[in-house]
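> Listed here are the chains, written in short residue letters.
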Amino acid sequence: MSFLITTIAMFSFWILLSGEFTFILITSGVVSSLIVAYLSHDIFIGKADIKSETGRVFRFFRYLPWLLWQIILCNVEIAYLVLNPKPLVDPQLVRFKPDLKTDLGIVTLAHSITLTPGTVTVEATREEFVIHAIWQKSAEGIIDGEMQRKVKKIEGDVMEIEGEKSV
Amino acid sequence: MDIRTIIAGVFLGIGCFFIIVTAIGIVRFPDFYSRLHPAGKTDTVGQAFVLIGLMIYEGFSLISVKLLIIIVFIFIASPTATHAVAQAAFLKGIIPWKKKEKS
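The listed protein sequences derive, respectively, from chains A and B. With our numbering, letter number 89 in the first sequence gets 89, and the count goes up by one each step, no holes. With our numbering, letter number 52 in the second sequence gets 1052, and the count goes up by one each step, no holes.
Just so you know, these hints were derived from the structure itself, not from any lab. By construction, the Cβ of each residue, glycine as well, lies at the ideal position given by its N, Cα and C atoms. Where hints are given, some of them may not hold.
Some chain A residues judged to face chain B by a derived CB distance under 10 Å, without partners named [as the list claims (entries may be wrong)]:
| no. | residue |
| --- | --- |
| 1 | T22 |
| 2 | I24 |
| 3 | I72 |
| 4 | L93 |
| 5 | G118 |
Listed below are the simulated PhoX-like cross-link pairs for lysine-lysine, each with C-alpha atoms no more than 25 Å apart in a straight line [stated by the list, open to error]:
| no. | chain 1 | residue 1 | chain 2 | residue 2 |
| --- | --- | --- | --- | --- |
| 6 | A | K153 | A | K97 |
| 7 | A | K137 | B | K1098 |
| 8 | B | K1092 | A | K97 |
| 9 | A | K150 | A | K137 |
| 10 | A | K97 | B | K1098 |
| 11 | A | K86 | A | K152 |
| 12 | A | K51 | A | K97 |
| 13 | A | K86 | B | K1098 |
| 14 | A | K152 | A | K97 |
Work out the full structure: start from the sequences and follow the hints.
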């Protein structure tokens, strides 16, 4: 099953990139996607529960517009800090413990923090997040924890998958 | 002039603005960690705006789909690289710069 899904995904990506339908291209596409799928289907899909993963992907796409809006706000803020003649930069390290269960959640949160208002993830593990905030305002935003609640919503209510290692 | 060309031009302009801000920010900010902020994020959005402008100029075709894929990859790769550099510095023990208290 995972082999089939990987093959289809690889082949549609091939068509997307090539955009031509001559015999030789289609044939080589089929052959190479079969080879790639054989080598990597257990990494790409693995033993994941397809039903809950699909739900997660959909929730992730619902989360995206908010994230993009935050990214734009962030960049206006950074531009303001850079172009302001006064040195407003007041960096500080913020530590907090994440309340997330899956690797997907940790990675999404770390990425989102790096991409949004004035914060860069320095250290991301299950036990502790270390965030570098560029000024007081963005540090307050992290402590507020709105982003973490949203990421937690993506995760849904799943039990910790067995064998998943810490990031 | 086509209206689409004008919109594409506006997007390219915004993108260039962000990239210039990135360059100024890297020079102006005080230490390693705070320099990562413009380098890692403003840069990403600048590139994204430039590529979106090119997509609008191109119209809906296979090329614009490829540009979209490039944007997605940049959005995944850039924070990862920023985080890797920041973590390396943190593990090496570089102490973040702090603003001096006003006496």
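> Look at each hint and say if it fits the structure.
Hint-by-hint comparison with the structure:
1. The closest approach between the C-beta of A:T22 and any C-beta of chain B is roughly 15 Å, which is over the 10 Å cut-off, so the hint fails.
2. A least Cβ separation of about 19 Å between A:I24 and chain B goes past the 10 Å threshold, and the interface hint is therefore violated.
3. Because the smallest distance between the Cβ of A:I72 and any Cβ of chain B comes to about 7 Å, under 10 Å, the interface hint for this residue holds.
4. Interface hint at A:L93: satisfied, since its Cβ lies 6 Å from the closest Cβ of chain B, which is below the 10 Å cut-off.
5. Proximity of A:G118 to chain B holds as hinted, the smallest CB-CB distance being about 6 Å (cut-off 10 Å).
6. Under the criterion of a C-alpha separation no larger than 25 Å, the hint pairing A:K153 with A:K97 is consistent with the structure, at around 17 Å.
7. Simply put, A:K137 and B:K1098 have alpha-carbon atoms about 15 Å apart, close enough for the 25 Å limit, and the pair holds.
8. The hinted pair formed by B:K1092 and A:K97 meets the criterion: a straight-line CA distance of about 22 Å does not exceed 25 Å.
9. About 20 Å separates the Cα atoms of A:K150 and A:K137, which keeps this hinted pair within 25 Å; it holds.
10. For the hint linking A:K97 to B:K1098, the alpha-carbon distance of about 23 Å falls within 25 Å, and the restraint holds.
11. The hinted pair formed by A:K86 and A:K152 fails the criterion: a straight-line CA distance of about 38 Å is larger than 25 Å.
12. This hinted pair does not check out: A:K51 and A:K97 have alpha carbons roughly 29 Å apart, beyond 25 Å.
13. Between the alpha carbons of A:K86 and B:K1098 the distance comes to roughly 16 Å, so the proposed pair stays at or under 25 Å and holds.
14. Straight-line distance between C-alpha atoms of A:K152 and A:K97 comes to about 13 Å, which keeps the hinted pair within the 25 Å bound.
Hint violations for this structure: numbers 1, 2, 11 and 12, all remaining hints satisfied.
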